[in-house]
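Visitor: Sequence:
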Amino acid sequence: MYALAAAAIPLLIHLLNRRKIKRIPFSTIQFLKQMEKKQMRNLRIRQLLLLLIRTAIILLLVLAFARPTLQSGSGGLLSERSNIEAVIVLDNSMSLSEARLSGTLLDELRTRFNSLQDAFRAGDRITVIQSTAPAATLIKQEPFESGVWERSIQKLQPNYLKTDLNSAISQAISLLDQSVFATKELYVISDFQQSGIDARNLTELFGQPENAEIQPFLLHIPHPNAENISIDSVTVVNRLVEINQPLRIKAYFRNHHPENHLNTLASVSLNNNRVAQQQVSIAPNELKEVQFQLTLAENGFVNGFIETESDALQEDNRRYFNFYVPKRVQLLHITPSGDFRSFLPLILNPAIDRGVFGYQRELAANWSSRNFLEYDVIILEGLDQLPETLV
2 MYALAAAAIP LLIHLLNRRK IKRIPFSTIQ FLKQMEKKQM RNLRIRQLLL
52 LLIRTAIILL LVLAFARPTL QSGSGGLLSE RSNIEAVIVL DNSMSLSEAR
102 LSGTLLDELR TRFNSLQDAF RAGDRITVIQ STAPAATLIK QEPFESGVWE
152 RSIQKLQPNY LKTDLNSAIS QAISLLDQSV FATKELYVIS DFQQSGIDAR
202 NLTELFGQPE NAEIQPFLLH IPHPNAENIS IDSVTVVNRL VEINQPLRIK
252 AYFRNHHPEN HLNTLASVSL NNNRVAQQQV SIAPNELKEV QFQLTLAENG
302 FVNGFIETES DALQEDNRRY FNFYVPKRVQ LLHITPSGDF RSFLPLILNP
352 AIDRGVFGYQ RELAANWSSR NFLEYDVIIL EGLDQLPETL V
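Just so you know, my numbering puts 219 at position 218 of the sequence shown, and the rest follows in order with no gaps.
Simulated from the structure, these hints should not be mistaken for lab results.
Yeah, the Cβ is synthetic: ideal placement off N, Cα and C, and Gly gets one too.
Some hints could be false.
To be verified - With beta-carbon atoms standing in for the labels, derived distance ranges:
{"hint": "1", "residue 1": "VAL238", "residue 2": "ARG101", "range": "34 to 40 angstroms"}
{"hint": "2", "residue 1": "HIS15", "residue 2": "ALA213", "range": "35 to 41 angstroms"}
{"hint": "3", "residue 1": "ARG101", "residue 2": "LEU219", "range": "20 to 26 angstroms"}
All chains, please: the whole structure from these sequences, using the hints.
Guide: Written out as structure tokens, the structure is:
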């Protein structure tokens, strides 16, 4: 647009070449003076028209190369603009479910998204992409109208997936590169979590010459310093899980606040029955290991979870786990005929007394009388060779 200054060139040429009339005393002839005035007036009109035409040509050339656009409602002399190809990337990952007094961060994202309607008009084309992996297209290259926004908000729901802004933005840029529209705009509304975006990769992407015509607009949803404790993982410590025996469970809790110590009451539930709880205090930005010890009173499949008290983000307050406790491990011990002595019963006696194992012994000669499907473990001991039928 700086080239608009070139429009003054014809005016300068006109002023420099302007004819200076030198007055020469002559006899007064009224007719000649009238002819002179008429010719001078016609000459000035032609010069003025030529000046206006030259100036208009330069202005139009500059505007053709600059392609200026004005948003609707901007007013001014150039109230019209070219149609826009716009792609809007929306982040609906779990971090946007964080609660505030006025609602969740996802509610604020929807409000920001709604406000973008004022930037478009009939003739524009809109695409809406959600950034949670894998990136999904909610609306693809539809003409602008209010229904586009309503349908996008209906489809945009919170989830527990991780955001992948790089993939979503790459998909948006690819779509814009293929567009025939003169004006291409990319809007990204997100909290821009570090785990979901590679800034270096995006810088290289926007730095490519073929993407120079794309105008990016980044709308940040800031996270307040909310008090949030998450349960990162849960592990059953026992190598052997037995009924009526102590069970140790290990969990890792993380304090996401950068400054405050946070406290919470963590509880353990097995098959929807609370069996243990513990007060947990965590320093700012700390990952803390906490162990729970309880007595297992049920066998079979056990479903459990560890849960903290309510905080800013409810979705990370509960962590599930499960394990299987056999009612009794049925063990068949096959030994040679005769008075073969084995230490195995002595080794297993403590577990047999606690009801962990159901132990039965059989001679190798009588193995066919047993149904192997009734046993969990079969131990062969002291056999010099295995009968082919047994194999």
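Visitor: So the hint says 20 to 26 angstroms: do the beta-carbon atoms of ARG101 and LEU219 match that?
Guide: For LEU219 against ARG101, whose Cβ atoms are near 21 angstroms apart, the range 20 to 26 angstroms holds.
Visitor: Regarding HIS15 and ALA213, is the given constraint of 35 to 41 angstroms on their beta-carbon distance met?
Guide: The hint (35 to 41 angstroms, Cβ to Cβ) holds, given that HIS15 and ALA213 are roughly 38 angstroms apart.
Visitor: Per the hint of 34 to 40 angstroms, is the separation of the Cβ atoms of VAL238 and ARG101 within bounds?
Guide: Between VAL238 and ARG101, where Cβ atoms are some 38 angstroms apart, the hint holds.
When the structure is compared with the earlier hints, no violation turns up for any of them.
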